[in-house]
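K.L.:
Sequence order for the protein chains is A and B.
If you're matching positions, the first sequence starts at 1 in my numbering and goes up one per residue.
If you're matching positions, the second sequence starts at 1 in my numbering and goes up one per residue.
Be aware that one or more of the hints could be misleading.
[Unchecked claim] So the derived list for chain A, only partly shown, Cβ under 7 Å to chain B, looks like this:
#, residue
1, Lys116
2, Thr233
3, Tyr411
4, Asn502
Source of the hints: derived by calculation from the structure; they are not laboratory data.
Computed from a prediction, not measured in an experiment: that's the story for all the values here.
Think of the CB as a built atom: it goes at the ideal place given N, C-alpha and C, for glycine as much as any other residue.
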Amino acid sequence: MNGKKIAFAALIIFLSLLILCPLFSIFAEALFQDGHFSLSNAVSTIQESENAAMIGSSILLGILVVIISSAIALPLAYIFSRTQFARYRFFDVIFMIPFMTPPYIASMGWILFMQKRGLMQQLFPSLSFLTDWFFSLGGLVMVMSFHVFPFMMTMMKNAMLSVPSSLDEAGAVFGVSFPTRLRKLFLPLLTGNYAIGALLVFVKTISEYGTPSTLGRRIGFAVFTTDIHRYATVAPIELGKSASLASVLIGICLLIWMLQNYITARKTYNLISGKGSAMRTRRLSIGTRVAIIIFIAAVVFFSMVIPLFSVTASSLIKLRGYGLRPGNFTIGNYIAVFTEDKQGINALLVSIFLAVSSATIAAILGTVIATSIRAAGKKVGNIIEGISLLPEMLPSIVLVLGIMLFYNGIYKIIPIYGTIWIMVLSYVILFLPYTIQYVTSAYSQISPSLAAAGRICGAGPLYSFMHITLPLIARGIMSGWMMTFIIAFRELVTPSLIAPTNTLTVSTYINRQFEQGSVGKGMSMAVICILFSLVSLLILNKAINRKR
Amino acid sequence: MKRTLIILALLLACVSVFAAGGEKGIVTVYMPSPAGLANKLAADFEAKTGIVVKTFQGTTGEILARLETEKANPVADVVILASWSDGLSMKNSGQLEPYSPAAADKMVPGWIDENSMLFGYSASAVGVIYNTLIYPSLDADWMDLADPQYRNDIAIPDPELSGACKDFVAGYVNAYGWDTFEALAENGMIVPGANKAALEAVTTGEVGVLIAGVDYNAYSSMAAGEPLSIYYPASGTVVNPRPAMIMKTAPDMENAKAFVDYLLSDDAQKMVADAYLLPGRTDIEFDNRSTLSEIPQIPCDWQAMMAVSSDSAARINDLCAR
Numbered sequence: 001m002n003g004k005k006i007a008f009a010a011l012i013i014f015l016s017l018l019i020l021c022p023l024f025s026i027f028a029e030a031l032f033q034d035g036h037f038s039l040s041n042a043v044s045t046i047q048e049s050e051n052a053a054m055i056g057s058s059i060l061l062g063i064l065v066v067i068i069s070s071a072i073a074l075p076l077a078y079i080f081s082r083t084q085f086a087r088y089r090f091f092d093v094i095f096m097i098p099f100m101t102p103p104y105i106a107s108m109g110w111i112l113f114m115q116k117r118g119l120m121q122q123l124f125p126s127l128s129f130l131t132d133w134f135f136s137l138g139g140l141v142m143v144m145s146f147h148v149f150p151f152m153m154t155m156m157k158n159a160m161l162s163v164p165s166s167l168d169e170a171g172a173v174f175g176v177s178f179p180t181r182l183r184k185l186f187l188p189l190l191t192g193n194y195a196i197g198a199l200l201v202f203v204k205t206i207s208e209y210g211t212p213s214t215l216g217r218r219i220g221f222a223v224f225t226t227d228i229h230r231y232a233t234v235a236p237i238e239l240g241k242s243a244s245l246a247s248v249l250i251g252i253c254l255l256i257w258m259l260q261n262y263i264t265a266r267k268t269y270n271l272i273s274g275k276g277s278a279m280r281t282r283r284l285s286i287g288t289r290v291a292i293i294i295f296i297a298a299v300v301f302f303s304m305v306i307p308l309f310s311v312t313a314s315s316l317i318k319l320r321g322y323g324l325r326p327g328n329f330t331i332g333n334y335i336a337v338f339t340e341d342k343q344g345i346n347a348l349l350v351s352i353f354l355a356v357s358s359a360t361i362a363a364i365l366g367t368v369i370a371t372s373i374r375a376a377g378k379k380v381g382n383i384i385e386g387i388s389l390l391p392e393m394l395p396s397i398v399l400v401l402g403i404m405l406f407y408n409g410i411y412k413i414i415p416i417y418g419t420i421w422i423m424v425l426s427y428v429i430l431f432l433p434y435t436i437q438y439v440t441s442a443y444s445q446i447s448p449s450l451a452a453a454g455r456i457c458g459a460g461p462l463y464s465f466m467h468i469t470l471p472l473i474a475r476g477i478m479s480g481w482m483m484t485f486i487i488a489f490r491e492l493v494t495p496s497l498i499a500p501t502n503t504l505t506v507s508t509y510i511n512r513q514f515e516q517g518s519v520g521k522g523m524s525m526a527v528i529c530i531l532f533s534l535v536s537l538l539i540l541n542k543a544i545n546r547k548r
Numbered sequence: 001m002k003r004t005l006i007i008l009a010l011l012l013a014c015v016s017v018f019a020a021g022g023e024k025g026i027v028t029v030y031m032p033s034p035a036g037l038a039n040k041l042a043a044d045f046e047a048k049t050g051i052v053v054k055t056f057q058g059t060t061g062e063i064l065a066r067l068e069t070e071k072a073n074p075v076a077d078v079v080i081l082a083s084w085s086d087g088l089s090m091k092n093s094g095q096l097e098p099y100s101p102a103a104a105d106k107m108v109p110g111w112i113d114e115n116s117m118l119f120g121y122s123a124s125a126v127g128v129i130y131n132t133l134i135y136p137s138l139d140a141d142w143m144d145l146a147d148p149q150y151r152n153d154i155a156i157p158d159p160e161l162s163g164a165c166k167d168f169v170a171g172y173v174n175a176y177g178w179d180t181f182e183a184l185a186e187n188g189m190i191v192p193g194a195n196k197a198a199l200e201a202v203t204t205g206e207v208g209v210l211i212a213g214v215d216y217n218a219y220s221s222m223a224a225g226e227p228l229s230i231y232y233p234a235s236g237t238v239v240n241p242r243p244a245m246i247m248k249t250a251p252d253m254e255n256a257k258a259f260v261d262y263l264l265s266d267d268a269q270k271m272v273a274d275a276y277l278l279p280g281r282t283d284i285e286f287d288n289r290s291t292l293s294e295i296p297q298i299p300c301d302w303q304a305m306m307a308v309s310s311d312s313a314a315r316i317n318d319l320c321a322r
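So that you can see chain B by itself, here it is in the shape it has in the complex:
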C-alpha cells in the first residue's frame, strides 16, 4: 500500500511539471542550434514578458519535416531556420505572415526581405576548420584541398541537414560550377553528419580538415581550448542570415510578433554575439570573431540559389557516397 502511495505521489509530481503554464499564454518557436543560445533567448523572453516559450530544437531539415507533418494541425508560431534559401521557399509557398519589427531600420541591409517576412536576426558563415595537431597552419583555397596531400582527410557537414552548408554549396556551384566538389569527393571527402558531428570529426582528428563548417561552432570550441582553427578561403564564402519568420497559421499571433521584436532587441542581439554568431543589427559590438567586413564573400543571388539548393545538397551526398 505504501509503495502504491509513493508511486502515486511520484506520478503527481511529474504531472505537475508538465502542467505548468503561464497566464500570459505561450509562444511556440522552432529553432536550430546552438541549443545554448536558444535556451537563453527563451528563458530571457519568459522572464521579461511572462509568455511561456515552447521550443522545438532541431536541424533545418528536422524543422521543415516537423512543419510538414503538422500541416493539418499547425503548432508553430515562429520558425527560425539556418538557411535563408529555405526561408525564401517557405515565403514562396505562402506560409509566412508579414510584420514590421520595431528595430527594422538598425538591421544589416538585405537581412530583411522585400516583403518583410524574413528577419535575419543573426548570421553564420562557413569556413575551413582544421585540427591544429594535424596541420599546424593552413590557408588553402577550396579547390586546393583536392590536392592528394589531403587525401581521405577532408569532411563536409551533411548539406541535407545543415542549412548553412546547403546554402554555401548552392552559392558556390552557382558561381564556380561543380568541379571543386567533384574533385574533393574524388579525394575521399566524407559526410559525418550535421554540423556538430562534422566538427566532432575534425576535433577528435578523425579527419584533419572540415570544409563548409559553420564558424560559430568552431569559435566556441576554440574558446574551450580544443586544438582547432578556422579561416575563410580567399575565393569567398556564403554569409548566411538566419531567418526568423512568423507563420501565417500561428495560433498565438500577438506573442509571435512580440518574440520577433524581442529577437531584434539589444539584449537578444548581445546574446547572439556572445554565441559567436554575427548579430543581425549593425550597431552591436563584438570582438570574439571575424566581423562581416573581414569575410570574403561570393556574390549571392538568393533566388537562383533557392532553385538549386535542395538538388545540389542531395548531389553532394551522392558524390561522397561513391
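Chain A extracted, bound-state conformation:
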C-alpha cells in the first residue's frame, strides 16, 4: 500500500513539473523584475491603452462569435434532432469537415477568395462591394463562427435528443400551441446546456491563434493570442508583457470554467429515466422543408465549399497575375513543393515525426494517468485528473509560452530548448488530455468485477491488466492516439513559437509560403495537409473498427 502511495506522489510531482512549472514560469515572468516582486509592471502592461483596447476587442470578438455561431448551430441542432431530417446521419460526418480543416488554412482560403481582384471578383465582378465588408471585424467573426459552429451544434443536438417527446406531447394534449411549447417547455430544459456550449465557444474563440494570425493580422485586429505571440517573437522582445497578457488570459479562462461548473451544477435536469422515451420527429410542410434545405446548403457552402475551393484553385494557378483563366492552370506547384528544395519534404517528415512520436508518448502516458486516476482514491484521483486536464482548459499559446520560458530558464540542467525534443514535449503536454479522456471513457464501460474475476482465477495485477483490462481499453487508446496524431500533424502554435533553427513543420511551411514565398506552393501543401488528415482518419477509423 505504501509503495502505491509513493507511486501516486511521484506521478503528481512528474505532472506538476510537466504542466504546472511552465504555468508558474509565466506568472514569475510577469510579476518578477530583476529578481524582485513587482506588480506594477504587469499592471502597467495591462493599462497601456493599446493593450486595454486589445483586451476589449478580444472579448467583443468572443461574444460576437458566440452569437453568430449560435445562429448557425441552434437551428441545425433542432433540424437534426427533432425533425424528419434527423434520419440523415451522414450530415454528422459532413459537419465535422469545417472543424477538421485547420483554421489558418480556412482563413487563407477566405482571404484569397475575398481580396480585391481575388477569386470572387474574378468569378462574380458584381459582388466586389463585399470585399470591404469582409476585411473588417464582420469577416473575422464570420470565418471563426463557421469554424466553431459544429462544436456547439453537436452539443445542442445531443441535448435536444435527450428531451423526451412525451413532455412535448403532454403539453400538446393540454392544448398549448407549438411556439408556446417551444418557449415554455423545450427551451428552459436546454438553457443549462446552451450556457455551457456558449462558454466553450467563447473560450475557444479567445484562445484561437490561427484565424487571428492570418485574417486578423491582415485587418489589423489584435487579440490576446496574436499579441502574446508578437511580444514573444518580434524585436524588440518583451517577454514580461507577453507573460502579463498570458496571465490575464489564464484568469479569464479559469473564470469561465468555474462559471460553467456552476451552471452545470444548477441547471441540469434528469431527463433520461427508465421510462420509454420514444422520439417522434415533427412532420414538416413542403415550404419549411425547402427553407431548411436552402439553409443547410448555405451553411455547407460558406463553411466548406468556399474555403476549400479557394485553397485548391490557388494551388493550381500557374501565374498569379492572370488568376482564374483557361490555360493558366498547372500541377507545377505540387511538384515544386517536393523538388524545388528540401524544405517541403522535410516539413512533411518533421510533422509526421512529431505527430507519431507525440501521439505514441501521449498514448502511453495518458493510459498510465487514466489508470492511476481510477486506481487512486477519489481525492488523489481528482488531483491527478485536475492537473493533467489543465492543458485542454487553457489556450495552447499560453502553455507553449510557459514551456518556452521554463526550459529556457533551466537550459543548463535540461538542455532541450532549441531542439526538436522541446517540440515533442510541448505536443505531448498539449494533447495529453485527449488520450486521458478516451481511455477514461473506455474504463467507464468496464465492470470492476472482470478484473476481480481474473484475480480469483489466480492472475497477478500485472497479468490481469495485460490480459483483461488492456485489451478492453485498447480501442480507447487507439482513438486517443488517432486524435493526437491528426491534430499534432497540423499544429501551428508550438512550431511558430519554439521551432529550432532549420525546422519547419507543415503549418509553418504553409504560413511562410503564404506570407513570404509562393502562395501556390503554400496552398499545394495546404491541400496535401487536408488530404493527409482525411486519409489517416479513414485508415485509422477502419483499423479500429475492424478490431471491434
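Once you have looked at the hints, place chain B on chain A.
P.N.:
Just chain B, lined up with the frame of chain A:
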C-alpha cells in the same frame, strides 16, 4: 504487435533524419530571403567543405528577435541581414567579430565597413513595381504617386519586417522629409506584409502599384512571366548592401570565417547574381537586371539613417493604419 513494430520503425527512420551530422562540424547561419538562394548557398558550401550548414530563414525582424531570445545561449555563427543599418547597430552594441575575408579587395567600395565587421556580399535596391495589366506603363516619381489617380491602389512592404524597405524609408526621410509618405498614406496606401506579401498584392492586382518593393523579387517574378514591371524613380532610391556578419559569440568561429570567405567566392557571387541580387564584388558580370551605375541613388549617411530607421519604420505603419 505488428502495428507497434511499424510505428517503431517509422520513429527510428524519422530520428535518423535528424541525427545526421557531418564530421567537419557545423555552422549556423541566420539569413533572410530569397529562400532559394539561401538553400543553394548552404548546399554548395556543404558539398565543398563537408561542414553542415544549419540555417534559420526569416525576415530581418524575425532574425533580430531570434538573436535577442537566444542571448543567454547563443546559437548563431553567421548572421546575414537585409538591412545595413541594422547591421551597424549590431556592431555598435558589440556583438560582432572582425575578420579580413580573402576577397576583400575585389568588393564594391564601401560595402565593407571601416572595422571590417560587415561584409556586403550582395545588395538589393527598392523601386516602384507595378502591375502591367492595370498600368500599361508608369514612370511617376515617389511624390507623384500621391496623385488622386492612384488613390487606394498603392502598397508598401511593412518596414518593420523588411530591412530593405526600412533603410529606404530612413534614407528618404533624411534627405527629403516626411511630406511624401504622409501624402501617400493620405492617398490610401496599404501595408500588406513583408516583401513577398506586398509583391503578391501587386501581382494579383489587389493594388496596382507597390512602392519600395525589393527589386530581386520583382525580377524573378517577371522572369516567370507575371504581369509586372519595375523602375527606379528619378529622385533616387537606396541601394542596400546586405551585410554578412560573424557573431562574437559564434560557437564555431573557424567555420563561420570559412563561410564568410565562401560568400565572397566566385561561385557564391555567381549564385547571388543568378538570384537577381547585385553581387558584392565588382568583377562579377550579369545581364538579368539593372546594374549599380544605372540606379539613381539618394546620398546615404548610414549613421544618421541608423539613428532614425526603427522609429521611422514604426511611423510608416502608424500613418497607414489611420
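K.L.:
Each hint should be assessed against the structure and marked as holding or not.
P.N.:
Outcome of the hint check:
1. Lys116: Holds, about 4 Å.
2. Thr233: Holds - the Cβ of A/Thr233 comes within 7 Å of chain B, reaching about 5 Å at its closest.
3. Tyr411: With a minimum Cβ separation of about 6 Å from chain B (threshold 7 Å), the hint on A/Tyr411 holds.
4. Asn502: Interface hint status for A/Asn502: holds (5 Å vs cutoff 7 Å).
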